[in-house]
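Chains S and F, in that order, give the protein sequences. Residues in the first sequence are numbered consecutively from 1, following the numbering used here. Residues in the second sequence are numbered consecutively from 1001, following the numbering used here.
No lab work stands behind these hints: they were computed from the structure.
Footprint (simulated), chain F over chain S, 3 or more residues, beta carbon under 8 Å:
#, stretch
1, 20 to 33
2, 99 to 113
3, 176 to 186
Below, a sample of chain S positions facing chain F; criterion: calculated Cβ distance under 7 Å:
#, residue
4, A36
5, D37
6, S75
Note that this is a predicted model, so its numbers are computed, not measured. Built from N, CA and C at the ideal position, the CB exists for glycine as well.
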Amino acid sequence: MGQALVLILALAQAATPRPADPEITFWSARVARDQADHISATKLGYAFLKQAAKTGDFQFYRQAEAAFREALTRSPGHSTAMLGLATARAARHQFQEAIDIARKVAAAYPSDVDAYTIIGDASLGLGDLAAAEAAYKEVAARAPGFVTDSRRANLSHARGRSREAIALLRSALQDATSRDLPIQSRAWCHVMIGATLFDLGDWAAAEPEYQAALTLAPDSYVALEHLAELRAYQRRDKEALALYDRAIALARHPDFFEAVAQTHAWSGRRQEAAQWYARARDGYLAAAKAGDPGYYRPLAMFFVDVEPKPDDAVAWARKDLALRQDHAAWSTLAWALLARNDLAGAREANAKAIASGAEDAGMWYRAGVIEKAAGNTSASRDALNRALAINPKFDRAADASRLLVELNRRSRD
Amino acid sequence: MANGLWLRACGSWLLRIGALGLLVLLAGPARTADHRDAPGVNEDPRADINDIYAFVNPNNGNVVLAMTVNPFQIGGAPGIAFGQDVLYEFKIDNTGDSIEDLVIQMTFTPIVQGPQRFNIRGPAKPRVAGTASSLLLEDAPALSGPADGSVVAGGGNMLKGFAGQRDDPFFFDLIFGFRLLGISPGGPLARPGGIDFFAGINCSILAMEIPPSALRGSAGNIVRVWGTTGRAKNQVRSGSVYLADTQTGPFTQIDRMAFPVANTVLNPTRMKDAFNRSVPSQDHLFREEAILHLVAINGDRTYSQTVVDAVLFPDVLVLDVTRTTPFLNGRRPQDDVIDVVLRAASNGRLTGDGVDVNDVPFLPDFPFFAPAHDPSIPIPARNKH
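Just chain F, with the same shape it has in the complex (with noise of 0.2 Å):
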């Protein structure tokens, strides 16, 4: 007789260890440390924001806030889903202060009651302000729909929402980005910038269109927006794979962005989970290393200083809700932000990556944002300029 059972159950190491090492790699896109920007979200992709978009849609004056998240899905893959237990979540400060006023919150229903589908709630008052948000539940959705990408249209003070898989909008020659500003070792790189990263990569988008006046407070027209996700602290699990757990108690912070790679440019990996775990009026705390890391790449104090104290801290996306003006404006997709990054971080020296357009047109109109690539179409060596 064989050795049956106990060869399997005693002998893989692969199967009780391996594989379960290997399935979490499954649980979404496998990690990175790039578009991801720290150890704690790397295995979170669904709560990891890539990007935070902020612009008026030269259409009809309305703001856009969109929010990209589950970096580096490539073309042709099913779109990994929005997660059923994280906040996402705009906060907008109207009054000058870098501390929320209004927030506007989206949520998004379990993948195993059908469809995914998303709810709005907001722009209003947050019942706390700071890294634990606790759900509007007092408030009906302002909007309701489908998470597949198409436009959903509301009305009031939420007048559009979208969500779904998209092209990944942010165009970058990530290494040769990485290599000059030091985040990547090796120095700059022999061959010159200009291979766009992001081309052909897909990731899931959330957006939505917002009257001016909703947001408008105190500071007038200045409104200044920043993106976070978070996990409850507390779940009451349902027990039933059909019916939705109950978030109770707040909700715990674990990402934000505003600045376009603020944190994976400014901060040591060891803080960055710090950083996406703060508040942006908190970010004197991460000034001075902030400012040793643009030393390290200008040579210049007092200009790193001023870089950091009026452009980049507190890290919030400054958005006149009257103007269509690029970034420093908010941010559209198609400005190029990684030049102007370049720019100021080296004090001029550096005139920009080499990739000045996004791999495909974006659109005309909401959402903005390109559609998911097909893996048929192959992969740009280099950008057209």
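One chain only, chain S, in its complex shape (with noise of 0.2 Å):
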């Protein structure tokens, strides 16, 4: 066995607090029994990512990473290994090594659909929407359905276009109830479209999707923790904690005590929110110094909104870009840049950032500052008024109505 995965396997055993999962227990028997065995380390691969699925804990990525590496030493170029392999460099933002991986096993079983959903999921992931529709066309051609329709919502929603997506969404769901799909999968529509009309704006609309997803899972943390974004959002504080409580229970992800903290700031309570905030920038910091690349941009805006850091933005804005180039890394960069005072950088890379088209309400708020601070007070009143119709009850929609009075009360002078 490889010796990777032996320590992987002790780190299974002895670092989780949580019971033993029954499959990685299962399939970790057998990759020791037999150092042969290239199906069962790749089982094993696949059990770990199921478990970060479930849980949102980070190192079972690594784990799995392991175990297909050690799949692929016993029977090189075992396909099933390496799409779990793209799967798992994809969870942690290596997304070109993802479709290179992918590619490869699309060259050699053009008939295999995973690999063009691993192809199409990172090219979004690096902003590469065409290359993620020529994918996803392919996955339609394979595999009509849940897959496809899911698949297509994401593209819908990168793109802005976001009744679409709710409508692809809808479609997925009776798809995967017709075909008795796990409830996971159902559960993760409902909290998808919910998501979509809370960006909208629409909370009355959204409720009633994570509510629908906790009937069906009730112990799924991204439910929970939407729902209590919602709470917060209407200042149903106690709710919210309560219902962040459960989620934090089930995964401590730090984002998820920064929105603690947020909660505990929009009541006030700022001893509360002070302390949550310092152990979300201790959970970001340590996440990232693990390898966990998906708390990038949380430490970036972190910087630049809680704890002004402005070099330390820039640098974790750039580190976020190096993976992804979608419209939100453009536009944390941008807000980073802002804050270190490079206007011209930072209307450089909010440009790009618009130019994807997405719709996203913090987005264009980003850019009517950033527009404001150039003096652009035309461009900054559109950007503002766009970020306020695409959701005027977003995060900063009392800010950025603020900034709209100021700008024409400035126009007015």
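The two chains are supplied separately, each in an independent frame; assemble them into the complex guided by the hints.
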């Protein structure tokens, strides 16, 4: 057995405080039983991926990756292990590597739908929407229904076509229901529909979607966290905090800590907010140090909005952009550069964010602030109005309205 | 004010995309290219046929047909349901032309209506033969019952039915065998055979017992059997999770299976899906590739050609319904089919995989397959010979 996998198995047994997953236990024993057994090593990798999905614990991706690499050492070119490795690499935001691996599998096995879904998903992560669309066309030819519709929904979302995304998610949900796909798949559809509606400011329509997800999967930390967010925005902070507690008990994500901090801050509890912000910052930094690139972007935003450290913010934003070049990565960099008083850089990055076509209230708000700083009143006003048109209830909606009043007053003066 | 919603909505690839990919994994046990024989069925474990069994019950002379699906369920994990939109079929040729004269169809109710139940229709003449099947809707089910692993008694031409989670009856040193046969790269293993990959692993089984008289045709006591799964080409969605969708139009064949590991061993991966979506009477289209694959193992074209023509193609199980003899007379659960395959493929050079019996004993009567594994029982390192 490869030394890396020995280490990973030891980690799996020793470091995980929760009860051992029966699948991981089973396939670990099989991997140890026969040092030539690449299939069990592959199954172990997928068991780790499932745990990652279930718990949100990023370390499982690392363990999955080690198991897939072990499988490929035992049987070079094993396509199932290659696709598992591509999935794990994509989860760690190594999108180009994931695409390269999946392309090799697609070349060898053109009928394999997984290869194309990974290429599409990773392309979306990179912000290459044309490549994602091409890959999803291949997916549609091989696996119509849930797999295709859910992917196309994500593509529509990335293009700012929220209503189209919702329609596709409902179609995916219907297919998942008619085919008895696991409840997690159906719950995910409900949460994504709810989140998209929430992004449009339609809280009343979002709520039943979250509730439907929780009816299907009461222990879905994703559904709990989304409902908590809704409650926080509704200023029902006791309920929000109780829901965040439940979500955090299931998945200790530092961005949940920040959301708790924000909930306290909105209610004027500064001391509690400060404690949770500190916890979030430490969690982000620890996760980033452990190799989780998913928190580069939150770190950049944190060091602009919460604990101003512009140089750090720019550094984290650039690290994020190196891995994915979607609209949010450019918008984050623009925001960080503005904080560092690099107005030209901020405008350049912001232009790239906007060019993506994304309909994201936060992005347009930042665009408005940047243009205001550049003295472009008209462009600033347009951007702020667009932000409010997309989502009149987004988290900076009050700031946007205030800025608009200010801009209008200046125009009059 | 912090960045709140925007962070999560735009920042998390894993939430929108990554989790989705992983959710697809949750649709069934993780994919593998092995017991699952082709890419097209990898994502569809409920329609993925592992093995087909056809044998005569030595206790009463009736014919038992069984199909295993949903591979790689570990002991203790809840059984994966049968597909409510999958048509499970046994196809029976009783005239000797490898075209089905009779079909037996098994369907399942949606889980959301409560515990799944099976409906068996047939044996009856199919509306159409080939890769498109139509439900025998005009026929009332010959037998219905809960898909919970209990044996349901019937009558007439369908004496018993069974559907549920069981031990996977296949026994095979998969790693050893795949390396020997060149399915996995790297050449033969340094270690000896004898490790049963399927020990401790469960699957879903559907089985039925039929009087031989219901199957006989102009070929007398000889029937040729294969299994297929299909999904409806068109579904009319009920719009309610509490109502089954209506299947309309033909079912499109997704998988077929008869001779053990035939598709896995004989066809290159690029052709496996095509094979699964074809019919035995078209197997000549795959003949040359199969011969070449065998020649790579045994080095003898004439011999390989004989094996393919006399034994392997058309890919059906040939059963004499009056005899309880082992494989190649149909296939019984206890038959060490892999040793037969290895010997035949290698022209006797390879003697077997060292796994000669199942990890748990089979039952003496219907449904014959051993109960599902309990995770508290350790997995044997090697099977007892």
